[in-house]
Amino acid sequence: MHIQDLLLTHFRSYASLELAFSPAINCFTGPNGSGKTNILDALHMLAFTRGFRSHQDQQVVQEGESFFLCQALVIREDIPRRVACNYIKGKGKRLLINQKPLPKLSEHIGSLPMVAILPQDGSLIDGPSAERRQFLDMLISQYDPRYLQHLIQYGRLLAQRNAQLKLFGEQRYFDREQLQLWDEQLIPHGVAIQDGRSQFLEAYAPIFETYFREMVSEKETPSLRYRPSIEAATPEAWRAHFLRQEEKDRVNQYTLSGIHRDDLIFRIDGHSVRNFGSQGQQKTFLIALKMAQYDLLAQKTGLAPVLLLDDLFDKLDPHRLSRIAQLLMTRIPGQVFITDTSYERLSEIFGPEPAREVRYFAVQPGSVTPQKVSAGD
Amino acid sequence: MEFPSRAIENAVNELASLPGIGRKTALRLALHLLKQSEADTERLGTSLIELRKNIRYCRHCGNISDEEVCKICSNPRRDASLVCVVEDTKDVIALESTHQFQGRYHVLGGLINPLQGIGPSMLNIAPLVERVRVDEVKEVIFAFSANIEGDTTAFYLSKQLAPTGVHISSIARGIPVGTDLEFTDEITLARSLINRTRLATPDAD
Ligand SMILES: [Zn+2]
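The listed protein sequences correspond, in order, to chains A and B.
With this note's numbering applied, the first sequence covers 1 to 377.
With this note's numbering applied, the second sequence covers 1001 to 1205.
One thing to keep in mind: the hints can contain errors.
As the list claims (entries may be wrong) - From the structure, some residues in chain A lie toward chain B, with a derived Cβ separation under 10 Å:
#1 Arg146
#2 Gln153
#3 Gln160
#4 Leu165
#5 Glu170
#6 Asp175
No lab work stands behind these hints, which were simulated from the structure alone.
All values derive from a computational prediction rather than experimental measurement.
Positions of the beta carbon are idealized from the N, C-alpha and C atoms, including for glycine.
Produce the complete structure using the sequences and hints provided.
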């Protein structure tokens, strides 16, 4: 599966843009602020019906204009389809396949499988635990729709349990039986989610580790571990835990344990990546996490997803860089889009005779110029 | 909205405070009333005042009633051993319009919902337990909305009623009539599977 061309009109910094891509690796280089990321944003829009730079479509429209057009020819299992995501101020956004509008935007999600690695994804490593839970939930929900239902029900029940704790605090009384009313319903969902998470990590962690090891030269041992808030995924363990925490929950008027307090622990050689990892280690960890996501998506869809790498190579040492380039050329079957400030850096890591075709584009404000193509084997 | 008269403005404000009525609709209703005869409007006004003044809640079931005991509870043909517990009066009206239920009702006046500040003590629960203990109730049927508040209330009530030994059941939750299976959400489908009904087979006696 690959994107053959891209046509943009009034899309961010581009009044009008037409590009033809390589089915293998595409590199966009130019100074900061030249508009490289806007191209990846457009591709993201075509896969997920929204960009990653802003949640408001209005902000995607070029200044002074009233609409944007974003379209591409997508080849999937040898069948070309023209995918368009168009927006008109005041009228909203539409997704069209071969000029036919889809009744619901959400119907499109998943038909152009894509994984993006963006600078803001660094928060997966150094941000709050909610980011890691969200990542995990997004991954598992794709494979198990029941998991998503458990999450929704758990969220509703937790909100009621917390409201009950608050009521107790305000009304200065406590009734264990009333609290347990919520526990009894919450626990089956919590246990199912905890179980789902630990089972998923059993499959996911080894894939992650393989990718990580391929990117590092020295013997760095990564570890990706699930740290649940409650010791065991059984109703008995949950009940006992809630009882032990009852006093604290009452004082805080908030439920302090449960799957909404789980975390993922990232370590290299036993040390926390978040606290002690170098920038290179953190980036490598992030890339390996996303590569493993890519692997699972490829397995699930039976297609080769598109991979976006936005401005990721800065501050990575040459050794890691060449390993990542190797990985992109040998292990990633799908189309790749990379942005970077330095053309020299990219042309050096992919070399004069890369294993897959590499097409270079020079980006300047408002325009993109195709440069050389290094043919693959 | 600019109003030519204070009287219109007051009427619009009052009407717009009703659920499901916006200011535009409120204005349309107010202007409509002005076009009607004065007697019509007076009848409407009187009925609203009477609604407020004369309405009572049935001593047995908590349903809205003209008398101390409602029509259903005072009807000797209604089976007193069968009690259907509902959230509020509109559920009674919905169930009555099916003409399928011959028992009596018990109206809770809400569901347990801490997010809205509603705890069990604020609901018409103690009279239900009393009713089951004293009267000759054989079966209690819960007919609540299929959401967590409904489930929680059913769960709480069944605990409260357990010592009485009464038979407790819940209305079946399943696929709406006229709905394709493929468009049914997973929870409903799973519930329908768990609560499946056995079909009579020719071999069975
Ligand atoms: Zn009554």
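Run the structure past the numbered hints and jot down the numbers of the failing ones, going up. The structure conflicts with no hint, since it agrees with every one listed earlier.
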